[in-house]
Amino acid sequence: MDNGENNQDFRLIVRSDPRFLGSIRSLVRGWLEACELAGNVVDRVVLAVDEACANAIRHAYEGRCDETLEVSLREDGGHLELRVCDHGAPCPPECMEHRELQPPTADDLRPGGLGVPLMHEVFDEVDYCPGITGGNCVTMRLKRKD
Amino acid sequence: MALAIEESKSGEETMIGVRGEVDLYTSPRLRTAILKAVPAAGGGVAVDLSGVGYIDSSGVATLVEGLRSAREHGKTFTLIAPSPAVMQVLELTRLDQVFEVQTAS
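Chains A and B are the protein sequences, given in the same order. For the first sequence, the positions run 1 to 146 when our numbering is used. For the second sequence, the positions run 1 to 105 when our numbering is used.
Chain B extracted, bound-state conformation (with noise of 0.2 Å):
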């Protein structure tokens, strides 16, 4: 399944949209994706999640790999819209509450 992964600026912001399934074949990319731009960014990250059809555990685990880069590097880390898939899987593993969540952008 396709996972397309599209970067875009927003002021300070690095947005990351991110359209498709994440699972254990796709997460590599988008990890890549976010660990390269949280870094480079400005103010911080904020990944656009409104599209993903579906994620597993070791796309929430990118996104905590994310959350801790961003942390290291003094930078913000936000969630844009997750998708019902998206929030399903945050609440299983409780990282509702870890993550700043915006409902829409």
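Isolated chain A, as found in the complex (with noise of 0.2 Å):
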């Protein structure tokens, strides 16, 4: 048994292609509704999901398609954890740390970057480890609130 696997609440295996992302986000909405989170958590978390799902397509397949996401969703003690997982190339650990986004100025306009400071910003804890054989895992963690 790896990761606690057969605790998970969801665990859904999706190809890499960015078609498919609709429906993992449709998939995390419908449980965290189950789980009767508030709508505007909902939307927030569903948004963090989706970003932790394209930056794997992104940076670690570098939009290959043909590859697995994995993602397990789990409720614990009143806390959600929201994990992704992929078997692409081991990002640098120092791409998934936290930086406070600043409000950018009319001279500093960059496109992109945004992803994983949108995730820091929607959820309490977000992990990164490298996969048990190879890849990424991104565990997201939030308490709740009501």
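Note that these hints are calculated values from the structure, not bench results. Ideal Cβ positions, reconstructed from N, Cα and C, are used throughout, including at glycine. All the given hints hold, so there is nothing to weed out.
Now the in silico label distances, taken between C-beta atoms and shown as ranges:
#1 A:Gln-102 <-> B:Gln-102: 22 to 30 Å
#2 A:Pro-90 <-> B:Thr-32: 28 to 36 Å
#3 B:Leu-35 <-> A:Asp-66: 24 to 32 Å
#4 A:His-59 <-> B:Gly-11: 39 to 47 Å
#5 A:Pro-104 <-> B:Pro-39: 20 to 28 Å
#6 A:Arg-99 <-> B:Ser-8: 33 to 41 Å
#7 B:Ala-2 <-> A:Val-14: 15 to 23 Å
#8 B:Gly-51 <-> A:Cys-65: 26 to 34 Å
#9 B:Gly-43 <-> A:Ala-89: 40 to 48 Å
#10 B:Ala-40 <-> A:Arg-15: 33 to 41 Å
#11 B:Ser-83 <-> A:Ile-132: 35 to 43 Å
#12 A:Cys-35 <-> B:Gly-53: 19 to 27 Å
#13 A:Pro-130 <-> B:Ala-40: 41 to 49 Å
#14 B:Gly-11 <-> A:Asp-124: 42 to 50 Å
Assembly of the complex is requested from the two constituent chains, each provided in isolation within its own frame, with the hints serving as guidance.
Rendered as structure tokens:
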């Protein structure tokens, strides 16, 4: 048994094709609604999970659509835990570090680089670790406020 | 999820109406539409986001690219009536202060 995978409420294994991101969002949204999370929290969590999946496709798989993403969801003792794992190129740990989002100025407009800060903005904790058999695993935790 | 992009002219402005979900899969189409419209526009480009049910960071980055391109070309770039989903992401990314936003068209 690895990573307590039998304790998950949901485990999705999805091809790393951006076409399927909408399906991942729908399934994650359904699970969050079943957990009776407030609507605005649902929207934010769906966004952060989508960003983690998009990052895996863009960076770990460099856009390859024929690999797999694994999305695991779990509610435990008032905490939600969402994990996105891939089998792609390991990211340098510093790329997952928490950076505060600064209000960009008119002269400093850079598209991109928003995904990881968004994940940190939405979740209480974002842990990154290399996967057991290579790849990357991002675990995001949120304490329920209700 | 489908994304519909419709271009029309309104005086000096080119209107780009966007409906559907903007994510890693669909944002390249929006990027192409915006970056093509900006240099060709008379006065500027207005992007109607009232029908956008979802936008991710790649979609927001696309809007930033549009704004940058508009500045380079001396054109205006306005976001029209962003839906609550769009406003939430603009606020989360602190970009709500960067764009010129018109709340009603």
